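Line by line, the protein sequences give chains A and B. Residue 521 in our numbering sits at position 521 of the first sequence; the count goes up by one each step and never skips. Residue 14 in our numbering sits at position 14 of the second sequence; the count goes up by one each step and never skips.
Bear in mind the hints are in silico, worked out from the structure with no lab data behind them. Certain hints may be false.
Not everything, but these chain B residues come out facing chain A in the computed CB check (under 10 Å) [stated by the list, open to error]:
no., residue
1, Ala2
2, Gln3
3, Gly11
4, Cys14
5, Cys46
6, Lys94
7, Ser129
8, Cys135
These numbers come from a predicted model, not from an experiment. Note that beta-carbon positions come from the ideal geometry of N, C-alpha and C, so glycine has one too.
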Amino acid sequence: MSGKPDFQIPLEPERYELSAPPAYRFEVDRREFFKFLGAGILIVGVLKNAHALQESGAVRRTDESLPKEIGAWLHLGENSVVTVYTGKVEVGQNIRTSLSQCVAEELHVPVNRIQMVMGDTQLTPFDMGTFGSRTTPTMSPQLRKVAAAARDLLIGLAAAEWQTDRKRLVAVDGRVTDPGTKRSLEYAVLVKGQQLTQTISTEEPLIPATQWTVQGQSLPKVDGRDFVTGKHRYPSDQKLPEMLHGKILRPTSFGATLVSIDTHEAEQIPGVTVVRDGNFVGVVAPNAEIASRAVAAIRAKWKAEPQPSNKELFEYLKKNATAGKDPTGDASRYEAGSVEKAQASADHRLQQTYTVSYIAHAPLEPRAALAQWSGDNLTVWTGTQRPFGVRSELAEAFRIPEESVRVLMPDTGSGYGGKHTGEAAIEAARLARTAKRPVKLVWTREEAFTWAYFRPAGVIEVSSGLRGDGTIAAWEFHNYNSGAAGIRTYYDIANQRIEFHPSRSPLRQGSYRALAATANHFARESFMDELAHLVNMDPLEFRLKNLKNERLRAVFEAAAKKFGWGQAKAASHGFGMGGGFEKAGNIATCAEVAVDRKSGEVKVLRVLSAFECGAIVNPDNLRNQIEGSNIMGLGGALFEAIEFENGRVLNGRFSSYRVPRFSDVPTIETVLLDRKDIPSAGAGECPMVGLAPAIGNAIFDATGVRLRSLPMVPKGLKAA
Amino acid sequence: MAQVTKLNVNGSSCTIDADADSSLLSVLRDQLDLTGSKYGCGEGQCGACTVLIDGSPRRSCITPVGLVGQKQITTIEGLAQGDRLHPLQEAFLKEAAMQCAYCTSGMIMTAVSLLRVNPNPSAADISHSMEGNICRCGTHPRIVAAIQRAAKTMNRSMKESGQ
Chain A
1 MSGKPDFQIP LEPERYELSA PPAYRFEVDR REFFKFLGAG ILIVGVLKNA HALQESGAVR
61 RTDESLPKEI GAWLHLGENS VVTVYTGKVE VGQNIRTSLS QCVAEELHVP VNRIQMVMGD
121 TQLTPFDMGT FGSRTTPTMS PQLRKVAAAA RDLLIGLAAA EWQTDRKRLV AVDGRVTDPG
181 TKRSLEYAVL VKGQQLTQTI STEEPLIPAT QWTVQGQSLP KVDGRDFVTG KHRYPSDQKL
241 PEMLHGKILR PTSFGATLVS IDTHEAEQIP GVTVVRDGNF VGVVAPNAEI ASRAVAAIRA
301 KWKAEPQPSN KELFEYLKKN ATAGKDPTGD ASRYEAGSVE KAQASADHRL QQTYTVSYIA
361 HAPLEPRAAL AQWSGDNLTV WTGTQRPFGV RSELAEAFRI PEESVRVLMP DTGSGYGGKH
421 TGEAAIEAAR LARTAKRPVK LVWTREEAFT WAYFRPAGVI EVSSGLRGDG TIAAWEFHNY
481 NSGAAGIRTY YDIANQRIEF HPSRSPLRQG SYRALAATAN HFARESFMDE LAHLVNMDPL
541 EFRLKNLKNE RLRAVFEAAA KKFGWGQAKA ASHGFGMGGG FEKAGNIATC AEVAVDRKSG
601 EVKVLRVLSA FECGAIVNPD NLRNQIEGSN IMGLGGALFE AIEFENGRVL NGRFSSYRVP
661 RFSDVPTIET VLLDRKDIPS AGAGECPMVG LAPAIGNAIF DATGVRLRSL PMVPKGLKAA
Chain B
1 MAQVTKLNVN GSSCTIDADA DSSLLSVLRD QLDLTGSKYG CGEGQCGACT VLIDGSPRRS
61 CITPVGLVGQ KQITTIEGLA QGDRLHPLQE AFLKEAAMQC AYCTSGMIMT AVSLLRVNPN
121 PSAADISHSM EGNICRCGTH PRIVAAIQRA AKTMNRSMKE SGQ
């Protein structure tokens, strides 16, 4: 690599569970579309570059069919309703609202006229999934272009109607108006009886952020009322007539195979059917409680190989590291200059090892699915961040074509990267096939803790050489197993070696909000603090001395200023900072902690984050995401860790796996830097990465104790 | 096994057919189609299933329906009066005190009971009372602000109505 870090970081595919997007066959042609939606205008947005194609499948083209590589489409009907179709899904990040704002802005319609159809594999264009903070940078511009094209088409219709120059006309508030003559027509009137389709593939000029009136505003959640009244139906709330409830018999440990089974007693329970298919054993019953009782009545013997425990985890990961590449082919090794030469001539040298544990996403809604067969056609409602991926999994599991599978994703009780796979969907569908009735399956909390997947654990080794003036001359960074996201340093260092080493993971691992960027930032930003102390420099000054990137400098400076960096504090208190660049956002977080050396209690009192992700689409929702990242991040920073032994999770319940609660939450402040000159980036992940190092560095400031393992204080700060 | 055939929910007497040891949560959700109360843990640790029984917050996931008898059950669906939202529901919207909102019903029901007992809670009081409710999205500060906002609204309307 060149000495200069490349900040154009491409989409990092989820490393563990994603396969290439399947070929997509579009089933509804243009005429059918109007039959389905009613008259009006239909705007189809076509993706044009290879990068975007990564997130979109191809559509087979026939005469009347819609074009290939559709990113999103929009229909404006005679009833004034704008229906927008996107494969992205809502898991609490509030994109139903922010995407509505984008469309409202460009189309000049009130937000309440917009209806978003999301994550329905039959109705929406193919989408790889909702992850990687991709919705705002990729889907927003697509929808804005589609909406802008619709607006232009409407202006054209009005110009034809009035036989006037379209340049005289403006679109405002759902109408096209001629300011000269004061003539005006509602969109609904303009599209009456029309069946117009327009395909756009060129760059539609979009309204610049400086002129936004709908975007940039703190619009509340568009369907918030449905949530505060309990009316919204999450995946686990879905129902169908004649529906049965399913439950799966789980193996006694990971990787176990069935040796023998006796289902006689379970089958005697009225209404119960046992389904067995190889290692798959499940039951259906009239309700979930009977299903549980039936599973409990099954006597099964399982056989499994011995497996490592969390006690030997980090040695295991290092011992089993492979020289291989990242499974997705992501660049996992960077080299610049000569680390050896720079180290040899350095005035100060330091080497440290950091570790991170496996943690669970624990979205409050567990995995859930409702499956229904109609002949060989399968429909599944499920909570997933990858409805099209789950469709592929189902097609593969049942050896049926993807066209025979429809996956619908009702707005779901969160995911955080933990709902990429379709196990619950496959299980419900398998049971429903035998039952010949719809089957709903909702994982218990214990199942969710055990049979989903975990954020990867990892070992990170860092070494560096400094010149006497605090310039970092050499930087070597090795991550074992946790991942390559955020592995590169944004500090300006001439001599670098950075490498990701895959390993054999004892537990099934996968995506987690911010992926490995949390681990890599923890190691990097903690180590930066250690280096600053090595040369007796203030940690902020030390960072700025080695940092040229203006956007990142700006957030560090803004955070420090608002936080009161360098100001006096109580004796038992400490200040710390951490920050970085991830998913095109820039974060700097400062934390104040209080440590009681007698009891070992560590209390995070105050967290302040400065964040910049380009032009802000919805300031309050952005704050909500940043606050949420910091609060969720407290768990992994302080006390969350999966304990496991011989293929079993030992703490897979909320009574034994501690997540942040009200009393853990510090005062949280947020400083937003709005860069209207920079395209908007996503914000669901980046804000998380500054927190753990900020807390660790604050604990060091308070006590002189350096903590290098996440979680840092699962049992309080031990006497050191 | 003893059967339960009647429950008082949201001011109505409802006919059900459940084993006495069935959880109140499953009866509400599966038999009465009141799905606003959520399953989150099944061990009374997360608060997503919270309902009021004679005004007190109870974890419906660990409450056998047979123990409820003829007490009055209030769920999230019973909080608004017609189209008029409860001040807590309004306040949760105003403060945007939710992301995925799966915890919201349980948060609101717990808060209803808190404000009944303590109409002017401090932030610390709220934090203490809400400790048993988990929000994984991390909207805690907004939930505290929403409860304080609702407290103000409710106290003001109490004064206005001369109570």
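Cross-check of the supplied hints:
Residue-level restraint check for Ala2(B) is violated (minimum Cβ-Cβ distance to chain A is 15 Å; threshold 10 Å). Against a cut-off of 10 Å between C-beta atoms, the interface hint on Gln3(B) is violated, since the closest Cβ of chain A lies about 14 Å away. About 16 Å separates the beta-carbon of Gly11(B) from the nearest beta-carbon of chain A, more than 10 Å, and the hint is not met. Here the hint on Cys14(B) is broken, as its CB sits about 16 Å from the closest CB of chain A, past 10 Å.
Nearest Cβ of chain A to the Cβ of Cys46(B): about 5 Å, under the 10 Å cut. The hint holds. Nearest Cβ of chain A to the Cβ of Lys94(B): about 8 Å, under the 10 Å cut. The hint holds. Checking Ser129(B) against chain A: minimum C-beta separation of about 9 Å stays under 10 Å; hint holds. For the restraint placing Cys135(B) at the interface with chain A, the shortest Cβ-Cβ distance is roughly 7 Å, inside the 10 Å limit, so the hint holds.
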